[in-house]
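Top line first, the protein sequences correspond to chains A and B.
According to this note's numbering, the first sequence holds residues 405 to 1105 in order.
According to this note's numbering, the second sequence holds residues 405 to 1105 in order.
A couple of the hints might just be wrong.
Same chains, same label: a pair holds when it works inside one copy or across any pair of copies.
With a Cα cut of at most 20 Å, we get these calculated DMTMM-like pairs of lysine to aspartate or glutamate [stated by the list, open to error]:
(1) 423 - 794
(2) 765 - 797
(3) 1036 - 667
(4) 993 - 646
(5) 1036 - 1011
(6) 1036 - 1009
(7) 962 - 918
(8) 723 - 646
(9) 506 - 744
(10) 736 - 776
(11) 519 - 467
(12) 723 - 667
(13) 1049 - 867
(14) 491 - 594
Keep in mind that the hints were calculated from the coordinates and are not lab data.
Protein chains: 2
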Amino acid sequence: MELFFNPGSIAVIGASERKLGSLVVQNLLRGYKGQIFPVNPNYKQIYGLQCFPSLEGIPHPVELVIVLVPAHLVPSVIEACARKGIKNVIIESAGFAEVGLKGIALQDRCKAIAKQSGIRIWGPNCMGLVDIHSNHFFTFMHPAVEREGLIPGRISLIVQSGMLSAIFLAELRRRGIGISKACSIGNRMDVDECDLLQYLINDPKTNVIALYLESLPRGRLFAKIAGNSEKPIVLLKGGRSEAGARAAMSHTSSLSGNSRLTDSILQQCGVILANDIYEMMDISNALTLIPNLPYTCRTAIITLSGGAGILACDALARKGLNVARLSEKTRKDMGKVFPDWMPVANPIDLFPAVGVHGRSKAFSLAVSSVLEDPNVDVLLIHYVAGLDSEFKELAELKKKADALKKVVFFWLMGVEEGTAAFLRETRKLGIAVHGEITRITDCLAAAARYRPRRPGDPSRETEMTPEFEKRSEKIEALSSKNSILDEYDSKQLLGVQQIPVVEEMILNSPSEAENVGQKWGFPVVLKGLIEGETHKTEFGLVHLGVFSRSQLEEAFLKVKTKLGDKGRILVQRQIKIDYELIAGFLRDKEFGPCVMFGLGGILAELDPDVAFAIAPLKYEEALRLIDQIRGKQLLDGFRGMMPLKKDLMADILVRLGDMGIADPHIEQIDINPLAVSKGSPVAIDANIILNDSGARKKKEM
Amino acid sequence: MELFFNPGSIAVIGASERKLGSLVVQNLLRGYKGQIFPVNPNYKQIYGLQCFPSLEGIPHPVELVIVLVPAHLVPSVIEACARKGIKNVIIESAGFAEVGLKGIALQDRCKAIAKQSGIRIWGPNCMGLVDIHSNHFFTFMHPAVEREGLIPGRISLIVQSGMLSAIFLAELRRRGIGISKACSIGNRMDVDECDLLQYLINDPKTNVIALYLESLPRGRLFAKIAGNSEKPIVLLKGGRSEAGARAAMSHTSSLSGNSRLTDSILQQCGVILANDIYEMMDISNALTLIPNLPYTCRTAIITLSGGAGILACDALARKGLNVARLSEKTRKDMGKVFPDWMPVANPIDLFPAVGVHGRSKAFSLAVSSVLEDPNVDVLLIHYVAGLDSEFKELAELKKKADALKKVVFFWLMGVEEGTAAFLRETRKLGIAVHGEITRITDCLAAAARYRPRRPGDPSRETEMTPEFEKRSEKIEALSSKNSILDEYDSKQLLGVQQIPVVEEMILNSPSEAENVGQKWGFPVVLKGLIEGETHKTEFGLVHLGVFSRSQLEEAFLKVKTKLGDKGRILVQRQIKIDYELIAGFLRDKEFGPCVMFGLGGILAELDPDVAFAIAPLKYEEALRLIDQIRGKQLLDGFRGMMPLKKDLMADILVRLGDMGIADPHIEQIDINPLAVSKGSPVAIDANIILNDSGARKKKEM
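Using the sequences and the hints, build the whole thing.
Take a look at the structure:
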């Protein structure tokens, strides 16, 4: 990848003195220190540079080629690159997969040539790349309109949409936010977000990586790279809604994944998800400015407006962040400047103290006390430029906060000129500032919850069943029967994998009802199973609360009549259930084998509360997955119920993942409900869906 | 109230040539056309105006008095006002209820004097009022710093926090948003948000009313006024979180209500709730610019960036707004400029069309087609100033949109100078613009869902029980027993009110078990009731699924042993439940008698989904209350269940409210669960909490 960013020489195919070809050459002339070889048979010179009729005509080695010629000419350019032994090509031309079948064919041809010759291709249909620190603009962005005024900084961008790359740079400049590199990746014929993410994670000039993507075709790899990143990754994902995904499908040739699965997996890998362009930028910027915010995020607020203090508390609470409890020392210290009638509390409303003791005294006392307070991680100062007195001690404040390892964030409001001057100063000093309290709490939440700073989970190994062979045989035998295993067969397989299942047996005739009573007593549940039918209740095939032998016999006959000569009849012990969970396994297009965990029951169907993780899971990852659902409070001993035995639950999730991965026949596993009874999870109903034979054969090949 | 805003003459008590007294006089001199009487014994003249030693010394009638003297002098000023027959006083001085007991005493004295003399008091501890259109600044805001540059507009503000009033004006100016009136109401000794809300609803210069409040002491009245308002009301409520509410209690002497109840009731009254200062301002501004957005809000998006189109769809979807389906005519028309490979869809990505046909042709065709499309309510244009070509046809666009009654909203991005010029133009034309798509969808959602534009609910009368007398007697009899009626007594009362309750009877001895079986068959539920004890399950007093006479006798004896000589034993028919709801009645401090409706069950306890409305309810209001819960999909026939009979449910809610209102003994009613069985709601468990006798006696007095 390095040669894309720092090549010793560049050839521009389609260079000219007008249109895009002109802009690329102008951009190179304004900062690129290597050799530039414009290629265009119609020019002898371009902006004073010798112009070559073809790539072959260049009597020097070329390390990077930028292609701007019309799409139908590009395959021959790639062939020429191959002949010249060039390994890095950026195709900025459009007219490929995004324009339909013809373009797809062109793109496939280029891809084939490149693959054969070991050429890495960036694009097509992209704006290339920008490296502000090196002054490398390998792009047709306008040198005057779009390039000027960009600020060198620590955020690098990866952007799938061409137009948005230019917009992002313009907006970052307007917001005074610095940039390191910007990569417009277009159709991702070869080089994609995974390649660039890995490159930028290792780039010493990048502290935070911000992305705009509409799909994650290599989601599994992306998640793995992100999960190992020690740099924060902020993702704005387009096409998360159904309407957005429709638009995404017609806009590019990409498919958007199930956003619930995607969001869940990426969050577990520490990726921060933004909903909006500015939110993405503001959070990225805050992460470069406050990289060391502790997980606790105990925030003290200093303000001259009680109302602003209240709004700050509300915004912190909405994000689940902590309003700091001031130490006794701080309260005592501040008591010296507070009027008698006013208790010292957080938020610290300094208005009365300033009235009595003057701004300077009250303010410096408050700032020192709070920064030194061991109960405080963040000092949030509400400041109104132009209405409050001038804020002179910014440099000193920053120095002190840094020395004490505290984070300072300004909530800035006020009159135009005042805020502009304040922003110039804070940007110089690297102090975090924003005008909107809800955006400040978005930033704090992102910085505090960035995964590498989370406390670790307990780690151990989940014991695996030694009966792998036996299970495989079973699946082989069962899968010949039907592509959806019935409840009984499904639970038999789960049982082999040491996943707890409810006690049950197949009942062949009413006369066996006696055994049932002797074995378990009553009540029991009777179910009619039909192969491939997962909606038993809707068909009246389920009898709950069967309380005697005679009721059981009666139920048997009723269900038998409904079944006719199909299916079979199952009897289960009826257990007392505290609440219902669901767990499962599936193969996702983008993320591969995944495990799901969530709440069950009807309300959860209404507003699903589920989380996903990539399989195979480690035990500690399974614990984290359990902890990711919104309603996790339910699991911790809610309303006097026994807490969920999370070790057992984690084992189930690990085993589900292993079971699915070990056997490519398994397409999907649903345990629903996974009932919790006195803290122990047990599978009450389950389905295993197998691949159809055709698909299975293919995979075996 | 009119004399507060437009008095013929004003006396300023505490006028001077320095500090606040100077600012008030300067502000009056800069625009107020009536007579100004500075009052201060230490001056002969102030800024060239004759200064009077006292109010009595003014030989002219005075219509409004502005008070700036220290708090301890204020009662005598009010007395002087009373003697001079003045009816309108604004106390801007601080040092009253906000500073503790002494201040409260002072405030109470002023209140008493004012009440006796029929004086209306505005304040104390406030910044007074501003009327930009009349140039009336009855405030100590700084004439140069804070006053200059404010833009006359259609939004009026009511602000509880003094400092925030000034901040709001500064921020509105900075965002280029126009203002009509701004009212800083401080401690609300007398004039409060209800008085001003009513005044502003009738004010022809106000189109939208924006408020910042930390509590709503006259919530019931506020809700009534808001509910009848034909102008949108946008409320930023401080202290919605627990942390914020604690801060609110120490900041002012006000108590914050339960935010779930407050939010729910206000939303039903059509009040739009904002979470942030800018959100409040942006939504208010949008409501002045796009007052006539239809409820359907079918939005078409025109953009040159496919990515931006996708993000717009995502943001619309997150707010539940509609992405318009373009008519066939529009698709056909746009097909003329779209390349063959690209289907015409919404969002309309014009990039390829602009490439082939030029911006002007593609754009004007798109705009005309979409504005004329009967399937479109809103045209959202994504525009990048400085990167896209200049947008010249703004005036024409606005004219056309107005003529066709369509809303136009710009999503503006781009380089600084370009956006500034664009904003100047759009502000002049009154076109809605914002840079953040999520804020745009906040604005569209607020404008579209503003209550007066919602389709109406069916209306009819809920039949009332004729047995009102009987019920009152019953309550009288029961309330002497205990302040919490037990389940049986509670449901007896509900039954009298024609609220459906489960069939049940008191079981006095095991021998009665036989009758139970004969009457209902099995299974039944047996419960031990203890007076005042609402946690039966936790005490093992509930036996579900009692399936035979012998089991019933056994359960009776077990529970009897637990009860000892307390309580009694209840037997109920066990019915098949589809899902559980809850319903109730309570008396709220701010909103008075209210009815609650929501989802029941354990997940709902985890993350409550309840809504409140002020009682008494009309039938159609009850229907609206049912419709307010997040999980309302459950009620409409979810997963093959019968839909809830909403007419029966609405009747129950109406009767609950009437029952609570009719009898002041009733403090609270809880029906939990209110089970739904085949679409019919029926009370399974209930509690009625009565006032303690003392409170009851007081209310009767």
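Against the structure, the hints:
1. 423 - 794: Answer is between; shortest inter-copy Cα gap is 19 Å, intra-copy 49 Å.
2. 765 - 797: This pair counts as within: shortest intra-copy Cα distance 12 Å, inter-copy 56 Å.
3. 1036 - 667: Only inside one copy: residue 1036 and residue 667 sit 18 Å apart there, 25 Å across copies, limit 20 Å.
4. 993 - 646: Within one copy only: 17 Å inside, 43 Å across.
5. 1036 - 1011: Both. Shortest intra-copy (15 Å) and inter-copy (11 Å) distances satisfy the 20 Å Cα cut-off.
6. 1036 - 1009: Classified as both; 16 Å inside a copy, 13 Å across copies.
7. 962 - 918: within (18 Å within a copy, 29 Å between copies)
8. 723 - 646: This pair counts as between: shortest inter-copy Cα distance 13 Å, intra-copy 26 Å.
9. 506 - 744: Answer is between: at 12 Å across copies they meet the 20 Å cutoff, but 80 Å inside does not.
10. 736 - 776: within (13 Å within a copy, 68 Å between copies)
11. 519 - 467: Close inside one copy (17 Å), not across copies (88 Å); limit 20 Å.
12. 723 - 667: Intra 18 Å, inter 18 Å, cutoff 20 Å: intra and inter.
13. 1049 - 867: Close inside one copy (16 Å), not across copies (52 Å); limit 20 Å.
14. 491 - 594: Result: close within a single copy only, 12 Å intra versus 80 Å inter.
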